[in-house]
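Each protein sequence line maps, in turn, to chains A and B.
The opening residue of the first sequence carries number 1 in my numbering; numbering runs sequentially from there.
The opening residue of the second sequence carries number 1001 in my numbering; numbering runs sequentially from there.
Warning: the hint list may mix true and false statements.
[What the hints assert, rightly or not] Chain B regions said to be covered by chain A (calculated; three or more residues, Cβ under 8 Å):
no. : segment
1   : 1054 to 1068
2   : 1112 to 1121
3   : 1138 to 1150
4   : 1260 to 1266
5   : 1269 to 1283
6   : 1327 to 1335
What the hints contain is simulated information worked out from the structure, not anything from laboratory work.
Ideal placement from N, C-alpha and C gives every residue a C-beta, glycine not left out.
Protein chains: 2
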Amino acid sequence: MSIERLKAQVAREFGTPAVVIDLDLMERNIARVQAICDAAGVANRPHVKTHKSPVLARMQRDAGARGITCQKLGEAEVMVDGGLDDILISYNLLGAQKMGRLGALLRRAGITVAADNPTVVEGLTEAARTAERPLPVVVECDTGRKRAGVETAQEAVDLARLIARLPGLEFAGFMLYPTDSSWPETQRFLDRARAGVREAGLDARIVSTGGTPNLANLGRLEGTTEHRAGTCIFNDRMMLACGAASLDDCALTVYATVVSRAASERGILDSGSKTLTSDPGGGLDGYGLILEHPQARIKGFAEEHGFLDLTACNERPKVGDVVRIVPNHVCVVVNMVDQLIAVRGGEVADVIPVAARGRLT
Amino acid sequence: MSIERLKAQVAREFGTPAVVIDLDLMERNIARVQAICDAAGVANRPHVKTHKSPVLARMQRDAGARGITCQKLGEAEVMVDGGLDDILISYNLLGAQKMGRLGALLRRAGITVAADNPTVVEGLTEAARTAERPLPVVVECDTGRKRAGVETAQEAVDLARLIARLPGLEFAGFMLYPTDSSWPETQRFLDRARAGVREAGLDARIVSTGGTPNLANLGRLEGTTEHRAGTCIFNDRMMLACGAASLDDCALTVYATVVSRAASERGILDSGSKTLTSDPGGGLDGYGLILEHPQARIKGFAEEHGFLDLTACNERPKVGDVVRIVPNHVCVVVNMVDQLIAVRGGEVADVIPVAARGRLT
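With these hints in hand, go ahead and build the complete structure from the sequences.
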C-alpha cells in the first residue's frame, strides 16, 4: 500500500491529528539497541517513559532487555499490572501516599528505586516496612548535567552508607547520566564512589547509565552494568539533530491535516501545542519536521493550530493535505494521547493504548 | 483549614503533582465574566477548551452563558453527551470521518461551525446532508493575528455567499479575534463584510469575538453579538502578565513537591514538562509562578523534573516541601491530566474529570 493510501486510511478511520508508529521500524530499533547492549556486555533496561505501554515494554523484554526503567510510580504500577518485573524507578519518591503504593508494589515485583538525598532515603524505609521486603536503592549521581543527583563522590558514599544502615533498605549501586563532555570526570567520580563504598564494606552491584545518545558510548565508562535508554524505540528530531538516529530510524510520526492556507506563504495544521507540545527540543528551529515538506517551518502554535511558514517551500501543501511530522521530542508527544496507531507493511495493524498516560503520580 | 493543612491533604490523598482548582475563586470568575458580558449586552459563549469538563460548562451555562465554544469535534461530542447545547465549533473541520461525526452531532444538538476557506465549506455540506438539518457556518476572519481566518472583507463576503449557495449550509455570521492594536481596522473589516453580505441579501446574525484579554474591550467593536473567552475561568501567568487577572483571580494551581536540593542555589520539583508543559506563555521568564517562593525561577524541565534556580530566594524550600504553582498557560496544563482536584473552603470537595481530554480529533 502506498503512503498516500495509508494516510487516507488513518484519516478515514481515526481522523487527524493521529500519532502513528511503524511496527517494522520500531522492532528494528528495539533489536538494534539490544544488539548494542549485548555487544558492550551491558544489560539493557529501556526507559518506558517514552511509550508508557506494557505491550511495547514486553516486546523490549522479549528481545532481551533485563528489566525496565520507569520515571513515575504510576508507570511502574501499570507495568507490573501488565506483567513486567525487575523495574528501576529512577526518581526521588517522597511522601506517605507514595510510600504506601511503593510498599504494595514491592510485594508484587522486583523494584529498585533511586535517591539523591537523605530525606528521600529515610522516607523509603516506610515502603520497605509496608512490603516486609528489603528495598534496593541506587544513589543518583550528578556527573555534569546539574540536575538530580549528588554532586560529589563523597556525598554518594555518605548516602550509600545511610541506605545500608537504615532498616529495610539495601544499597544497590549508582545511577548516572554522563554527558558528552564529562567522561573522564564521570569515570573519576564513579571510581571514587566505588572505592568509598568498598571501604565501607558495600558493593555497588548496579552501575546504571542513561540516554539514547549514550548508546554510542556504551562500554566507555568502566564498571557500567546496565543502560537506560528511552527515545531510541521511536527516535525524534532531537535524535536526528545529535546524530543518534537517521530519518529511517524514526518510527513515530504525527499525521496532521492542513486546515487553512489564508495566504501564499503560510498555512495551518490541525496539530498545535496540545498535540506536538511546545517542547523546543533543546533549541531546534521550529516544532517538527514535515516529511512531505521538509522546507516548511512549524514556527509556532495555538493549542490546536500549528502555524506553518512556507516561505522556503517550492511545493506548498493545500487545504486537506495530510502530512507526517517527526516531532521534536517523542516522549512528550506520546504523553498527549491515549493510543498509538500501529502500522505494519503500510497498513493499520493495531491500536496500542498508552496505558500509563495520565498516571500523574 | 490552613493552606498547609490543605497541601498536606492533597499530597496524602492524591500525591503530587496534582492540578487543583479552587471552586470559590472559580465561581467568582464565572460570575464576573457573565456580569461583564451582561453589562456590554453581549452573549457569553465560554470556550471550554480551557477546562474540557461538562460539569464546569454546565456551571457556566447556569450562570447565564448562552452556549459554549469548542475547538475540537471530540470536545463538542463530550459536551453534548454531558447535556450541553448551542455549541460553536470554532475550527475548520475537514474530512469524511469528521463530517460523519459532525452530521451525527448536528442531529442531537444546536451546532454552528467556523470556516475560512472554500475546501472546508464544500466539505461541510456532507455533514448537513447526513444530519438532514441545515448547518450554520460562521466565516472566520483574520483581523491582525495572521493565524486562521480570511484576510480581507471581500474574501469574507465571497465565502459567505458560497456558504449561502451550498445545499444544507446556512450563513450565520462572522468570527473574529481582534488584537490590541487592530480595533479600528477590525471595525472597518467587519463593517465592510457586513455591508457586503447585506448587499447579497444575507444577514450576519452572529458576530463573535474572542479572548480573555478582550473582556476589557467588550462593546468596543460595534455589532458584536457574542464573546468567546476561555482562560478566565481559571486564569494563569499569561493573564497576570497582560493585566487581565490578579493573583486573587487565579483559581488553578499545580501542587508540586521539592524532591531534590543538590546544591544551595538550585532544586528540583516533581513537575516537569509532562505536567506544567513547555508552553513559554508568550515569552514569560520561566515556566510558572511559585506562590510560596515568588523569587524562585522554574528555569527548565526534564519530563518529570522542574529545575529551580533559587539564586534570588532568601528563603529556600527544602526537600519534601509542597508548593503551589500558577502555570504559564492553564489550558495546556489541564489538557495533561484526567482529573482536577476541586477544593472549597480550604478542603478537598470533589474530583472533576477532564472528560474531553484525549479526544485528539
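Now the hints, each set against the structure:
Given a C-beta distance limit of less than 8 Å, the hint that chain A covers the segment 1054 to 1068 of chain B is violated, as 0 residues qualify and 3 are needed. Figure legend: the segment 1112 to 1121 of chain B, annotated as covered by chain A; annotation consistent (4 residues with Cβ-Cβ distances under 8 Å, at least 3 required). Residues of the segment 1138 to 1150 of chain B with a Cβ under 8 Å from some Cβ of chain A number 6, which satisfies the need for three, so the listed coverage holds. Closer than 8 Å: that is the beta-carbon criterion, and the segment 1260 to 1266 of chain B has 5 residues meeting it against chain A, so the requirement of 3 holds.
Proximity of the segment 1269 to 1283 of chain B to chain A, defined as three or more residues with a beta carbon under 8 Å from a beta carbon of that chain, is established by the 8 residues found. With 3 residues bearing a CB less than 8 Å from a CB of chain A, the segment 1327 to 1335 of chain B meets the requirement of three and the coverage assertion stands.
When held up to the earlier numbered hints, the structure conflicts with hint 1 and nothing else.
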